[in-house]
Amino acid sequence: MSIYLPIAEMSANVFVLLAIGAAVGFLSGLFGVGGGFLITPLLIFYNIPPAVAVATGANQVIASSFSGALAHFNRKTIDFKLGGVLMAGGMVGSLGGVYVFSLLRAKGQLDLFVSILYVVFLGTIGGLMLWESIGALRKARAGVTTSLKKPGQHNWIHRLPLKMRFRASKLFVSVIPILALGAFIGFLASIMGVGGGFIMVPAMIYLLKVPTNVVIGTSLFQIIFVAAFTTVAQAVTNQTVDVVLAFLLMVGGVAGAQYGAKAGQRLRGEQIRALLAGLVLIVAIRLAVDLFIEPASPYSVVTQGMV
Amino acid sequence: MRVLAVFTLVIPMLAILTGASFAQQPEKPKESIQIGLSTDTIQITSGFTGTDLTIFGAVDNLDPEISRQGHYDVIVVLEGPNRTATVRRKERFLGIWINRQSRNLPEVPISYSMAMTRPIQDIAPESTMAQMAIGVQNFPFARTPQGPRDSRTHEFATALLELKQKSGLYKERPGSVRFLSLNLFRASVALPANVPVGTHTARAYLFRNGVFVNGVTASLGIVKSGLEAEISRISRDNSFAFGLFAVALAILTGWLGRVIFRRD
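So the sequence lines, in the order shown, correspond to chains B and W.
Those letters in the first sequence? Residues 6 to 312, per the numbering used here, in order.
Those letters in the second sequence? Residues 19 to 282, per the numbering used here, in order.
Next comes chain W alone, as it looks inside the complex (with noise of 0.2 Å):
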């Protein structure tokens, strides 16, 4: 497998800022969390069949005692573009399966990939995964349901989150974020074949004792490179003539099959 893009390490920075304002009270900064992506921009082959990214990090400020006892977390996100998602419903009508209900879901992020030093429930309370919307079940769409009609919607988000962890484009690895030393971490976040294109948002989120500390957003876009690519943004931007070329193509092609394979 190519390893797809390298990461460089962000030197740690001291949050010197915070330190002077506290002079005559001893206490020590806040931790803080850095993430550094080494290209602002990812190129995808056509032949791609998905791969690890790995993403390094860097923590600061972390109380010594807590981090020995491993009270401190780490959570990666790799979440792609949002969009409205149809989601539709089939249900047999005269013995055959048809498209009957359909609910529109606004502001879904294609991909969602995560990566963190635990299982999610081990790290911090439900209540903080919502309120900080950390997690596919914590979408605003996929929200728990406030009346009957909302909660009929809520049946299609749920088969949406479904479905997308199935097609793999929704991940979780708990265990993917690993601690090198006491100040530098690696993620190890999924990047699946049908990973979409566009720009997409790594965060990062430092936990301590449950409780969110720090974090930390960049934006890294994904491009397709080769001709593939370039059909495909020419049958869009350029549809009549991308018409009138696969015409001229298949004619050609007729033409040329009879020259040479004639048997008449």
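Pulled out of the complex, with its shape left as it was, chain B reads as follows (with noise of 0.2 Å):
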């Protein structure tokens, strides 16, 4: 069954979308991801053009965190202070991501400028997490036992002014880097149409050294606020937010997450990282193919006023 997106004005099948949300849902649930950084590249594989795909990411992102913050609101693992001053950062990175989204889609270099952030980002994440899961998996099939590192130890950043409590993290740290992180992830939100968590989990727990169990939910309930506030500001300035395709992606997408929630319970914590890392470097290497080789043609005609 064939519907039309009003926004990227182009047909396409309703059941790819529902399963691609359902897909990437699934795996959000299982590896605790918004799943933004996976659905943005899939729908520009799908033939969506990028401009309309990273801002109806942004769109489906709102509907996966909003669900899964739900869940941590229920277990109290949100700490909303601290969400509140990355959220601060966060629209103003946001501001200024689609500001230079518009700008790049004015001299043409829109596509080229996502597809490098993207082959960059999930690159190194990947090849981080696959190097970090193998050694644990190694480390366990030797029968040696590790836990992460403990937080306790400062950093530089712990020695900057303007500090603040956050009590829910039990931490007492400058407000400087976290609206810095909160800034730096809203600009990659509006520009990839990711959440984002995928860089601010790791950012929290290493460089802020928040407890790892409220992490998840507060990075979540952040998210919600950006990605909205995103959506907004697309819609408004570049007009590619197209709610059919995002309503789908959502309808597949939050039916997913639950169910891959499920089925990480049944895998250990390597194992699902490896899997992540693996997945994550598929999707950044098919980006960076598409980079290298070349194009049908050269030339590309954009007609103003037309997406």
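No wet-lab data here; the hints were simulated from the structure.
Glycine included, each C-beta is placed from N, C-alpha and C at the ideal position.
Misleading hints may appear alongside valid ones.
Below, in silico cross-link-like pairs of lysine-lysine (BS3-like), each with a Cα-Cα straight-line distance of 25 Å or less [said to hold, decoys possible]: (1) B:LYS267 <-> B:LYS86; (2) B:LYS112 <-> W:LYS108; (3) B:LYS112 <-> W:LYS182; (4) W:LYS108 <-> W:LYS46.
Label-pair restraints from in silico Cβ distances [as the list claims (entries may be wrong)]: (5) B:SER302 <-> W:ARG136: 26 to 34 Å; (6) B:VAL294 <-> W:HIS89: 56 to 64 Å; (7) W:GLN183 <-> B:ALA185: 48 to 56 Å; (8) B:GLN276 <-> W:ARG280: 47 to 55 Å; (9) B:VAL19 <-> W:THR57: 29 to 37 Å; (10) B:ILE290 <-> W:ARG280: 31 to 39 Å; (11) B:ALA185 <-> W:ARG280: 30 to 38 Å; (12) W:ARG280 <-> B:LYS86: 25 to 33 Å; (13) B:VAL19 <-> W:GLY233: 45 to 53 Å; (14) B:ALA185 <-> W:ILE269: 26 to 34 Å; (15) B:PHE20 <-> W:ILE84: 52 to 60 Å.
Each of the two chains sits in its own frame; use the hints to bring them together as a complex.
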């Protein structure tokens, strides 16, 4: 059954879109990530214009992170104060990102920039995760039990001024790195159409030393707001949010996520991380290949006033 | 395939005006051409996959002798709205294909669909077609280059024509104008799936022995109808409210998904 996507201005198969949503939702539930970094490239592979894929990805992220944050709200694993500060930075970053987005689009460099960002971030994070999880798997096989490095040792971040106390996270830390991290993720969120959880979570654990139990809930909580802000900003400046497309992805996504979370309980942590790393690297390689192979035609046409 | 629009016949109008002034010389009145559109707007729905548009027309005062020899030709063109188009060219930079150069070409018809009795080169010489700007290669932006700077722009214009032809937006169909009788003809022009909305212009040209004798123009609006068209309109006219709606929809879906599919 095919449906016409009003903003992307093309016909697409309903079941393919629901399946993309469900598959990504399943993985996001399994791995505890938003899934925006998979949705946007998949949509681009499915010939959705990158500008639409990115803006619609942000819209889809709201649904999956809201759904996920509700579970953490019940478990009281959200640090609202920390989330609020990250969010303040995030909105500034998102605004900057949307501005850069329309600038690049006018210059015809948006597709390239989005692809490069994906290749760099997915490649780096996927590579690091794979390295770490393979090491952990080897040790597990050898019978050595290891735990993640305990937070506690202070680094340069803890010597910055403007300190603030975050009770839920048991932290007393400067707001500067938190605002900066929020702004950086917000910037990426609006250009890449992601929630940014895959960067936010490690950054919170390793840089800010936030206790692991509140990291995912807090990250999801603030992503809702940054993604919502990004969606509105994209709708106003670029008019590239396709609600029909986003809705189909969301429906598949929220259903898949709950089953993914269930399946995740049966796998061990390092196995999940190795699988996720493999997946992230495959997406990165696929995007990288497209950058290097010669296009069918070096020319492309954009008509004024059309997507 | 649905028939998109039905076109009426135009009752042949006699060219009385010209006849009166040439009273003493019994010269025949000039040949004329008419086309009839039964509607001034066509609505396309969201599932539109392209179709053929049939345009009926009539010619008058044809010389029966020339007509019998088949030396009258008709070209019918349906031209989409004109816009500025930006053409970009990718070049290899550090191994990566990057858009480097670009040209803005003014007044480019988004679509251009041509139907004619015979291949264009058999109807009239190239110079006539160029003079009348008939055919995609005779658009002002695609003209033969004048200088070195112009010739580089010409490469972009040529690439634009190729891309448009490949996407089906520019189409030429020899043999798709047929005479049904001595005076009536039927033209079948392509409306591709990606036909742009807006005001299109239908033009008909009559040629005799390779010489242009008469032409006629009519306009035709193409609009999108249905829910999807409405969504696209709101996203442009009321973008802030549209953004808020998208957010609200996502929140609602996320909440419902949690309630319905909850597994923990």
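Status of the hints after comparison with the structure:
Among the hinted pairs, LYS267 of chain B with LYS86 of chain B is inconsistent with the structure: their alpha-carbon atoms are about 29 Å apart, more than 25 Å. With a C-alpha separation of about 13 Å, the suggested pair LYS112 of chain B and LYS108 of chain W falls inside the 25 Å cut-off, and the hint holds. In summary, the hint linking LYS112 of chain B to LYS182 of chain W is supported, as the alpha carbons are separated by about 21 Å, within the 25 Å threshold. Between LYS108 of chain W and LYS46 of chain W, the direct Cα distance comes to roughly 58 Å. Violation of the 25 Å bound is thereby established for this hinted pair.
Distance hint for SER302 of chain B and ARG136 of chain W: a CB-CB separation of about 31 Å, consistent with the stated range 26 to 34 Å. Hint check: VAL294 of chain B to HIS89 of chain W, Cβ distance near 57 Å, so the stated range 56 to 64 Å holds. In this structure, GLN183 of chain W and ALA185 of chain B meet the distance hint of 48 to 56 Å, their C-beta atoms being roughly 51 Å apart. The hinted range of 47 to 55 Å is not satisfied by GLN276 of chain B and ARG280 of chain W, whose Cβ atoms lie roughly 25 Å apart.
Distance hint check: the CB atoms of VAL19 of chain B and THR57 of chain W are about 32 Å apart, consistent with the given range 29 to 37 Å. At about 36 Å, the CB distance of ILE290 of chain B to ARG280 of chain W agrees with the hint of 31 to 39 Å. Between ALA185 of chain B and ARG280 of chain W the beta carbon distance is about 36 Å. The supplied range of 30 to 38 Å therefore holds. Take ARG280 of chain W and LYS86 of chain B: their Cβ atoms lie about 28 Å apart, and the range 25 to 33 Å holds.
At about 46 Å, the beta-carbon gap between VAL19 of chain B and GLY233 of chain W stays in the expected band of 45 to 53 Å. The hinted window of 26 to 34 Å between ALA185 of chain B and ILE269 of chain W holds, with their beta carbons roughly 28 Å apart. For PHE20 of chain B and ILE84 of chain W, the Cβ-Cβ distance of about 59 Å falls inside the hinted range of 52 to 60 Å, so the restraint holds.
Checked against the numbered hints above, the structure violates hints 1, 4, 8; every other hint is satisfied.
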